[in-house]
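Student: Using the sequences and the hints given, assemble the complete structure.
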Amino acid sequence: MKVIEIRNLCKIYNSTQIKVHAVNDVTLDFEEGEFATIVGPSGSGKTTLLNLLGGLDNPTSGQILVDGTDLSTLKPSALTDFRMRNIGFVFQSYNLIPVLTAGENVEFIMSLQKVAAKDREERTFELLKAVGLADRANNRPSRLSGGQQQRIAVARALASKPKFVLADEPTANLDTKSAYVLLDIMEQLNKDEKITFIFSTHDPRVVQKARRVITLEDGRVVSDEIKK
Amino acid sequence: MITAIAWKNVWRNRTRSFTVVAAVTVGVFAGVFSMAAINSSILQRIDAAVNEELSHIQVNNKAFRKSHDIQNVITDYPDVESVLKSTPGVTGVTGRVIVRGIASTATKSTGVEITGIDTDKEKQMFTLSTKLIPGTGSYFEENTKYNTAYIGEKLAKELNIIRYILTDESFSRLEGEGVPGTVCGKLGPLMGERFTSEKKFTKAFESLLEVQENEKYRWKILDAAWNYRQGSRLILSFLDTENNQTGAAFRISGIFRTNNDMFESTSLFVPVNELRRLTGMSEGTFHRVVARLENDDLTDDLSKEIRQKLPDYEVMNWKEIQPDLAMIADFIGQIYAVFMIIILAALAFGIVNTMMMSVLERTRELGMLMAVGMNRRRVFIMIMLESVFLSITGGFAGMAVSEVVIAITGKTGINLMKYSEGMEAIGYSAHLYPTIDLQFFISTTILIVLTGIISSVYPARKALKLNPVEAIRNE
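Which chain is which? The protein sequence lines are D and Y, in order. Read in order, the letters of the first sequence correspond to residues 1 to 228 in this note's numbering. Read in order, the letters of the second sequence correspond to residues 229 to 703 in this note's numbering.
Simulated from the structure, these hints should not be mistaken for laboratory data. Note that beta-carbon positions come from the ideal geometry of N, C-alpha and C, so glycine has one too. Check each hint, because a few of them may be wrong.
Distance windows between CB atoms, simulated [as the list claims (entries may be wrong)]:
no., chain 1, residue 1, chain 2, residue 2, range
1, D, Asp70, Y, Ile670, 16 to 26 Å
2, Y, Ile569, D, Pro98, 35 to 45 Å
3, Y, Leu692, D, Gln188, 52 to 62 Å
4, D, Ser111, Y, Ile670, 25 to 35 Å
5, D, Glu193, Y, Arg242, 37 to 47 Å
6, D, Val222, Y, Arg242, 48 to 58 Å
7, Y, Ile670, D, Pro98, 28 to 38 Å
Tutor: What follows is the structure, given as structure tokens:
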């Protein structure tokens, strides 16, 4: 089942007199439960494509359909709501809320969704257990290592049971051991929760784990390899 | 959860938040306490005006206030009294005979307004009897064949009835009140010398003391040397009903002390029958009838009502008799508004500044919140709550400190004796008992919350303008 359909997507920046085609006529589909990575050199358009997929940026032309909904037809408030319900984000710099505990960070999006307190607590415990940090639920991010913070960020991204998770360079700030632990956890959650994961990365460790590797160059898809 | 996050965000940078809270606390305390002090000063003045001098409502013969002619009397006092007494809200009614004349002693004379009063009724209705200076006699309680008068301290001083003499007793008292032996020693040469005025005595002891000693012990020395011989007399002269000069000797029954120098120096009270007898006025006639009300809030309405009931008389309330005082009483609202505008403006700038710093520091975090689905309304509410929490914390702390300080100083009073001459010259007490009503606290709380909300608008708008993509990229 297709979760995301991208049709002739273009993003052109006009910040200088030269037009920059950050994303150039990209057409792609993502199926439910995929574990895909977008690779390419710096400036190839990976992050821009991820931002467009996440509804954080508007395309110059083309379409993104998520479960049949064209993101470009949504008003800003509806798009924010759509992101909350359908998309999980994992950022390179973790971006946890520093004043909340690990557990509260995971719970946060569910509280925005007005999930009942009991269900929130159960889901939080389940996810913290899945990322191996059930015992750190009451710790604030400042008391956790970078790897642990990113695992909490993954748990947070999955808390709302999104259609897909976008992870922008999730292992860039992690040491090798932490990166492998994180990737194993995401792979396991991808299988258990059947949630599509899309990464943008330079990291060969991520590429090695991914089951599909899309390569961008100058905003164009130059290869789309599905591993067997 | 947004409320919890907002509260936690307030304390994210404790030093900064505590600084803002402390600034707000000091600002609110300064405003509320100053207001309480001003409020008490005005209320004390109004209280004195109503309870000692004017009463709430006065009914006069229409020509009396302009001419002060002894002939302009209220002839049908029983009718006027009955109208007043039958008006709901009126708690007491009494008549006064008022003549202007000269008070003299062997050395001085001065113009006075002599008020003939029903001493028993006045004692029940007003508080002047309680202002008697201990040791100066009584409020018309002495059984004597002489004419008696109850006079103000200022008048007694002007007539040289009060003198200043440093006696053995004065020195014992000074030592008992902690005045050092060296100071008492310096005052030794003045022992037994009689000064007829405060000015002369002050000049004499000032020349013997150091400036600091003088500043510190001036009031204690004046009090210790204050001397009055009970039963002193004065001569009152005035016109009778035939416009003939008349007069009599009056024995001073007692001396009262108020905070109004003007009132004290010109007012003199005598039993109404004595004054009637001396002036030849008929029994039952008065120049003025005064009425006390249940409370001051009834003044405007009841004076209107009584004016309609007594069209042949001049009916005036204390606000009309002393418009300056009424204006100040009304002005208190405006003083309050100015104070609060200044305090709240300072509060608002402090909050806006702090919240702007807070928003700019959290650009990436706010971008992340918007990216993961926190809509604009929630972001706005979160920022607004943060600024409201900051304002409320400081505001409540300021009001709590104010409440405690007002409660303490409301009992102990604030002594402004240094400025007593100036303040009492215009009728204000130099001893303030700060007071503030509950309504003031409630309205201040509401204003502080509103300021917090208004102060949040600019920083919140800044936050809303953030582009999540750019904000997240911001390092």
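Student: If a hint holds in the structure, say so; if it does not, say that too.
Tutor: Consistency of the hints with the structure:
no. : hint                               : result
1   : Asp70/D with Ile670/Y: 16 to 26 Å  : violated, 53 Å
2   : Ile569/Y with Pro98/D: 35 to 45 Å  : holds, 37 Å
3   : Leu692/Y with Gln188/D: 52 to 62 Å : violated, 38 Å
4   : Ser111/D with Ile670/Y: 25 to 35 Å : holds, 33 Å
5   : Glu193/D with Arg242/Y: 37 to 47 Å : holds, 39 Å
6   : Val222/D with Arg242/Y: 48 to 58 Å : holds, 52 Å
7   : Ile670/Y with Pro98/D: 28 to 38 Å  : holds, 37 Å
Checked against the numbered hints given earlier, the structure breaks hints 1, 3 and satisfies all the rest.
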